[in-house]
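Order-wise, the sequence lines are chains A and B.
Those letters in the first sequence? Residues 1 to 381, by the numbering used here.
Those letters in the second sequence? Residues 1 to 381, by the numbering used here.
To be clear, the hints were calculated from the coordinates, so they are not data collected in a lab.
Heads up, a few of these hints could be off.
Output of the computed footprint for chain B on chain A, the stretches with three or more beta carbons under 8 Å from beta carbons of chain B [unchecked claim]:
| hint | segment |
| --- | --- |
| 1 | 62-72 |
| 2 | 92-102 |
The calculated lysine to aspartate or glutamate pairs, modelled on EDC-like cross-linking and capped at a C-alpha distance of 16 Å, are [what the hints assert, rightly or not]:
| hint | chain 1 | residue 1 | chain 2 | residue 2 |
| --- | --- | --- | --- | --- |
| 3 | A | LYS315 | A | GLU125 |
| 4 | B | LYS315 | B | ASP347 |
| 5 | A | LYS216 | B | GLU218 |
| 6 | B | LYS216 | A | GLU218 |
| 7 | A | LYS99 | B | ASP306 |
| 8 | A | LYS69 | A | GLU25 |
| 9 | B | LYS219 | A | ASP347 |
| 10 | A | LYS230 | A | GLU194 |
| 11 | B | LYS99 | A | ASP306 |
| 12 | A | LYS316 | A | ASP347 |
| 13 | B | LYS249 | A | ASP215 |
| 14 | A | LYS322 | A | GLU338 |
| 15 | B | LYS316 | B | ASP106 |
| 16 | A | LYS216 | B | ASP215 |
| 17 | A | LYS250 | B | ASP215 |
The beta carbon of each residue, even a glycine, is placed where N, CA and C say it ideally should be.
There are 2 protein chains.
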Amino acid sequence: MMSNPSPDRFSVLYHIIVRGSETIEAIANDIAIEQTVEAPMACIPESHFDQGIIGRVEDITCIDVSKKKYAVSISYRCDVTAYTVPQFLNTLFGNISLKNNICIRDISPAQALVNIFPGPSYGIEGIRNYVGIHGRPLACTALKPMGLSVDDLSAMAYSFANGGIDFIKDDHGVTDQIFHPFEKRVAACQTAVEKANKENGNKTLYIPMVCGPFDKIEKQVVFARECGVKGIMIAPFLVGPDTMRYLAKKYKMILFGHPALTGTFFSHPDHGIAPGVMLGLLFRLLGADVSIFPHAGGRFPLTQSDCLSIRDFLKKPMASFKPAFPCPAGGVTLSRVEELGNLYGIDSMFLIGGALITASTDISASTKAFMDTIKSFFQIN
Amino acid sequence: MMSNPSPDRFSVLYHIIVRGSETIEAIANDIAIEQTVEAPMACIPESHFDQGIIGRVEDITCIDVSKKKYAVSISYRCDVTAYTVPQFLNTLFGNISLKNNICIRDISPAQALVNIFPGPSYGIEGIRNYVGIHGRPLACTALKPMGLSVDDLSAMAYSFANGGIDFIKDDHGVTDQIFHPFEKRVAACQTAVEKANKENGNKTLYIPMVCGPFDKIEKQVVFARECGVKGIMIAPFLVGPDTMRYLAKKYKMILFGHPALTGTFFSHPDHGIAPGVMLGLLFRLLGADVSIFPHAGGRFPLTQSDCLSIRDFLKKPMASFKPAFPCPAGGVTLSRVEELGNLYGIDSMFLIGGALITASTDISASTKAFMDTIKSFFQIN
Chain A
1 MMSNPSPDRF
11 SVLYHIIVRG
21 SETIEAIAND
31 IAIEQTVEAP
41 MACIPESHFD
51 QGIIGRVEDI
61 TCIDVSKKKY
71 AVSISYRCDV
81 TAYTVPQFLN
91 TLFGNISLKN
101 NICIRDISPA
111 QALVNIFPGP
121 SYGIEGIRNY
131 VGIHGRPLAC
141 TALKPMGLSV
151 DDLSAMAYSF
161 ANGGIDFIKD
171 DHGVTDQIFH
181 PFEKRVAACQ
191 TAVEKANKEN
201 GNKTLYIPMV
211 CGPFDKIEKQ
221 VVFARECGVK
231 GIMIAPFLVG
241 PDTMRYLAKK
251 YKMILFGHPA
261 LTGTFFSHPD
271 HGIAPGVMLG
281 LLFRLLGADV
291 SIFPHAGGRF
301 PLTQSDCLSI
311 RDFLKKPMAS
321 FKPAFPCPAG
331 GVTLSRVEEL
341 GNLYGIDSMF
351 LIGGALITAS
361 TDISASTKAF
371 MDTIKSFFQI
381 N
Chain B
1 MMSNPSPDRF
11 SVLYHIIVRG
21 SETIEAIAND
31 IAIEQTVEAP
41 MACIPESHFD
51 QGIIGRVEDI
61 TCIDVSKKKY
71 AVSISYRCDV
81 TAYTVPQFLN
91 TLFGNISLKN
101 NICIRDISPA
111 QALVNIFPGP
121 SYGIEGIRNY
131 VGIHGRPLAC
141 TALKPMGLSV
151 DDLSAMAYSF
161 ANGGIDFIKD
171 DHGVTDQIFH
181 PFEKRVAACQ
191 TAVEKANKEN
201 GNKTLYIPMV
211 CGPFDKIEKQ
221 VVFARECGVK
231 GIMIAPFLVG
241 PDTMRYLAKK
251 YKMILFGHPA
261 LTGTFFSHPD
271 HGIAPGVMLG
281 LLFRLLGADV
291 SIFPHAGGRF
301 PLTQSDCLSI
311 RDFLKKPMAS
321 FKPAFPCPAG
331 GVTLSRVEEL
341 GNLYGIDSMF
351 LIGGALITAS
361 TDISASTKAF
371 MDTIKSFFQI
381 N
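Pulled out of the complex, with its shape left as it was, chain A reads as follows:
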């Protein structure tokens, strides 16, 4: 059960398994101290407790007696985070990441987070209005493989756009390599997509992967914007979560979040940050309008229940944060569109990358087949 702390506090819901002889009460109190003052009791002024500076254990409920598994809610004063993403993450899971048997399952209320995080600039409705597509899931594909020439990638982008795809993103490994330097690639691919749009009347958007170093990433975003690019893809755990927050808030472009390097947060079922909280809640808070994640049953081990939790955290009402698109990916093929439609609903984005390139030597034709499959499933012309 989540507690309902005062508006200047947020609560973290942990699932905790008791292994040794400690009590759940002692473990919960240790977390409340570790994540705030990190000091022996004798060092902590009494007034710290009175003022609520220490994390406060709000609720402990046993959820599995035989496993000694508990749901524990601990609240933190918002100003302990300095209203910054790095210190928020520090409070959320900094030191206890180094422990075990602690899994974060929720953070609430969303209202307490509005001064820390920007949330999506567009969200589901904003993107739909921008691209003018309603009544069906959106479709995305990827420019790959890394190592092609800029000419080959931009020709591929032109073919995808002519097939009527909604979004063309760079593969997440296509960044700023000598084969396809960021500026040269982005300019060429954007030009190719605009050319196709002009010819066929579509509104396909090109979404470059932005993965530059600290001192170049903002210049890359500015360059892309000057080329006419309307959206970018960021992997927050490659470039730093706060880099994503900053770029989302300042440039307000359509933002795709990529899960690279997040996997160990949920590879252990008993310790970490649950997939829904990481790829749903946190990505949405950081500004993702679209969160890409590996759908169950492909080549990655997330379960269907994990994926539906990501979906729910992206879409559910959360203070003023707009809902974001779930984008299941990772080896998706045409034959799974119906399954995906049933699971994720109309307000989702389907990403098929490699399968469109291999399905046919005619990329425009395989892209059109993808779009026709989506449209026929949702009975749209």
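With chain A held as given, fit chain B onto it using these hints.
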């Protein structure tokens, strides 16, 4: 066994456990593709293989027949990383972080990494020469708890310095909160330490925690430097690993690396990045002169073998990268100084935080006792 690829390639050593019916060869090939081109075979031009753009499986050795556990070495062309930290991490573990049963145990040769990472500016010898202390481990303590006033923290810094400690760092949760805003705190603590140094002739250094957002963190470093601060502490996984690389390379201050939020990389024994590689090798590559980690037997679950691996990765010869200090912490007490000395040797830094504050109401006296214990163990006056 690590392979010895050509100078324009680096190798990653993975320990992989085979669970299903797949062969280790198929798993290794999948990683080599997933981490570079991430595309079905039919999409990959033959020339990509000829040019070595795809990861190359260099060696597969079974290390535990009953567990079906293998040591697999895969090499990557350096330019696939775009010579940037975010894309290096992407290549290293981006998508496969989302899989399981893959643990990174080494990266080599170091020579291949010199164009990506700065390494320590000072290293062990540089810090020793700077502070003029040889022949014994260095000693560090922490300003805490978060939530004290700036006056209290700076008075505490003065007492620590008067006790003769070598380094005083902020607690990692003391960042930029309203209780102790970064600028006000850093100026006051630096002034207090300089005053004590002037009075007692020591060369204690104050190491503030730098944890600001993307658009403020560099200004914080510049401010600290203008106050006379010579070193800073950074948690790379809170602020972004490349933020650390950038600040290390540009400002060349003494750099303490803090492990906050790294824990899930090694909480699963079979999947992630081993503690030595994360807190030893990667922290050193990113520029840490000192790597803080929770010593075995305290309140964190790292084993002694994990800690010794961190030590070894920090100290072993690695191309032009200087060796860095291991700094065992996390509930260390005076009674463990001898044990730490035996384990980590003279070239290490011991961090005692809370125990110095609680040991006595006279912080200078408890600090002096800590220093005396170190000096007597190493028979120094």
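Taking the hints in turn, this is what the structure says about them:
no.: 1; hint: 62-72; result: violated (count 0)
no.: 2; hint: 92-102; result: holds (count 8)
no.: 3; hint: A:LYS315 to A:GLU125; result: 11 Å, holds
no.: 4; hint: B:LYS315 to B:ASP347; result: 9 Å, holds
no.: 5; hint: A:LYS216 to B:GLU218; result: 14 Å, holds
no.: 6; hint: B:LYS216 to A:GLU218; result: 14 Å, holds
no.: 7; hint: A:LYS99 to B:ASP306; result: 14 Å, holds
no.: 8; hint: A:LYS69 to A:GLU25; result: 12 Å, holds
no.: 9; hint: B:LYS219 to A:ASP347; result: 42 Å, violated
no.: 10; hint: A:LYS230 to A:GLU194; result: 12 Å, holds
no.: 11; hint: B:LYS99 to A:ASP306; result: 14 Å, holds
no.: 12; hint: A:LYS316 to A:ASP347; result: 12 Å, holds
no.: 13; hint: B:LYS249 to A:ASP215; result: 12 Å, holds
no.: 14; hint: A:LYS322 to A:GLU338; result: 26 Å, violated
no.: 15; hint: B:LYS316 to B:ASP106; result: 13 Å, holds
no.: 16; hint: A:LYS216 to B:ASP215; result: 13 Å, holds
no.: 17; hint: A:LYS250 to B:ASP215; result: 11 Å, holds
The structure shown violates the earlier hints numbered 1, 9, 14.
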